[in-house]
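Engineer: With chain A fixed as given, assemble chain B onto it according to the hints.
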Amino acid sequence: DSGVTQTPKHLITATGQRVTLRCSPRSGDLSVYWYQQSLDQGLQFLIQYYNGEERAKGNILERFSAQQFPDLHSELNLSSLELGDSALYFCASSVDEGAGETQYFGPGTRLLVL
Amino acid sequence: SQQGEEDPQALSIQEGENATMNCSYKTSINNLQWYRQNSGRGLVHLILIRSNEREKHSGRLRVTLDTSKKSSSLLITASRAADTASYFCATERAGSYQLTFGKGTKLSVIP
Chain A
201 DSGVTQTPKH LITATGQRVT LRCSPRSGDL SVYWYQQSLD QGLQFLIQYY
251 NGEERAKGNI LERFSAQQFP DLHSELNLSS LELGDSALYF CASSVDEGAG
301 ETQYFGPGTR LLVL
Chain B
21 SQQGEEDPQA LSIQEGENAT MNCSYKTSIN NLQWYRQNSG RGLVHLILIR
71 SNEREKHSGR LRVTLDTSKK SSSLLITASR AADTASYFCA TERAGSYQLT
121 FGKGTKLSVI P
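These protein sequence lines map, in sequence, to chains A and B.
Heads up: the first sequence begins at 201 in this note's numbering, then just goes up one per residue.
Heads up: the second sequence begins at 21 in this note's numbering, then just goes up one per residue.
Treat the hints as calculated values from the structure; they're not laboratory data.
Using N, Cα and C, we set each Cβ at its ideal position, and we do this for glycine too.
Hints may contain errors.
Only pairs whose alpha carbons sit at most 25 Å apart, straight line, appear in this in silico DSS-like list of lysine-lysine [claimed, not checked]:
(1) K76(B) to K89(B)
(2) K90(B) to K76(B)
(3) K76(B) to K126(B)
(4) K89(B) to K126(B)
(5) K46(B) to K89(B)
(6) K209(A) to K126(B)
(7) K76(B) to K123(B)
(8) K257(A) to K123(B)
(9) K46(B) to K76(B)
(10) K46(B) to K257(A)
(11) K209(A) to K123(B)
(12) K46(B) to K126(B)
Just the calculated beta-carbon pair ranges, DEER-fashion [claimed, not checked]:
(13) Q241(A) to S116(B): 14 to 22 Å
(14) S265(A) to S71(B): 32 to 40 Å
(15) T302(A) to A114(B): 14 to 22 Å
(16) T220(A) to R100(B): 35 to 43 Å
(17) A98(B) to S280(A): 49 to 57 Å
(18) A214(A) to K76(B): 41 to 49 Å
(19) S227(A) to E73(B): 28 to 36 Å
(20) G284(A) to S116(B): 34 to 42 Å
(21) R100(B) to E253(A): 40 to 48 Å
(22) D296(A) to V64(B): 35 to 43 Å
(23) S44(B) to T302(A): 20 to 28 Å
(24) R100(B) to H273(A): 32 to 40 Å
(25) Q241(A) to P131(B): 30 to 38 Å
Pulled out of the complex, with its shape left as it was, chain A reads as follows (with noise of 0.2 Å):
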């Protein structure tokens, strides 16, 4: 157990749709990364946030938003949603703001998009 907590565990919904996945990093940590893994794309970085704000953008679509909150949880808005959307989206956190850092991996939420 990593101590980086996600929900829901899954997620089914429709095209059109919009969701909110939320993240709580481990205890102490200031930074939060946002991946999404699917089977073509592999393992893309998304977004980080540290200590509130924004630190580092991926390959983030404009219909995906997030946010780290004054407790330093995190969520990870999509919306819009299409069919290629479908992944798995992973939360981790790291201590710092990242150079050099291990990254805590939360188990993941797992998006249906039918």
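Structural biologist: Relative to the frame of chain A, chain B by itself:
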């Protein structure tokens, strides 16, 4: 785009044998990390090697890094059935905090 490319894509060995997985990358890096993922579950950090290091050991794991060839290898010695998983290399590019993952090597260890 993928920074790291693992090779082979899949590897099947007998329990007790050694498993070697390779990773190649394209740009200058601060460090390279190896992660393991059991089917459909979260990734688990195995080992980090910095750009100024050439070799690192952790238990049955041995990682090498050749920055001139932009490549790394992960060796698992005396493999066990419980080592069956996918193994990913991840690179932290110079000047960046984010990790870029390869597509992974799927290792099967047959009892």
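Engineer: Could one say that the CB atoms of D296(A) and V64(B) fall in the range 35 to 43 Å?
Structural biologist: For V64(B) against D296(A), whose Cβ atoms are near 20 Å apart, the range 35 to 43 Å is violated.
Engineer: Does K76(B) lie within 25 Å of K46(B) when you go C-alpha to C-alpha?
Structural biologist: Holds - the C-alpha atoms of K76(B) and K46(B) are around 21 Å apart, at most 25 Å.
Engineer: Okay, A214(A) versus K76(B) on CB: inside 41 to 49 Å?
Structural biologist: 47 Å, holds
Engineer: Going straight from one Cα to the other, do K76(B) and K126(B) come out at no more than 25 Å?
Structural biologist: 22 Å, holds
Engineer: Check whether the Cα positions of K209(A) and K123(B) lie no farther apart than 25 Å.
Structural biologist: 23 Å, holds
Engineer: Assess, step by step, whether the Cα of K46(B) is no farther than 25 Å from the Cα of K89(B), and give holds or violated.
Structural biologist: 9 Å, holds
Engineer: Taking 34 to 42 Å as the hint, is the beta-carbon distance of G284(A) and S116(B) inside that range?
Structural biologist: With a Cβ separation near 26 Å, G284(A) and S116(B) fall outside 34 to 42 Å, so the hint is violated.
Engineer: Within 25 Å, alpha carbon to alpha carbon, are K46(B) and K126(B)?
Structural biologist: 22 Å, holds
Engineer: Taking only the CA atoms, is the gap from K90(B) to K76(B) under or equal to 25 Å?
Structural biologist: 16 Å, holds
Engineer: Between Q241(A) and S116(B), does the beta-carbon spacing fit 14 to 22 Å?
Structural biologist: At roughly 19 Å between Cβ atoms, S116(B) and Q241(A) fall inside 14 to 22 Å, so the hint holds.
Engineer: Is 40 to 48 Å respected by the C-beta to C-beta distance linking R100(B) and E253(A)?
Structural biologist: 43 Å, holds
Engineer: Look at the Cβ atoms of A98(B) and S280(A) and judge whether their distance stays inside 49 to 57 Å.
Structural biologist: Cβ of A98(B) to Cβ of S280(A): about 50 Å, so the range 49 to 57 Å holds.
Violated hints for the displayed structure, listed by number in ascending order: 20, 22.
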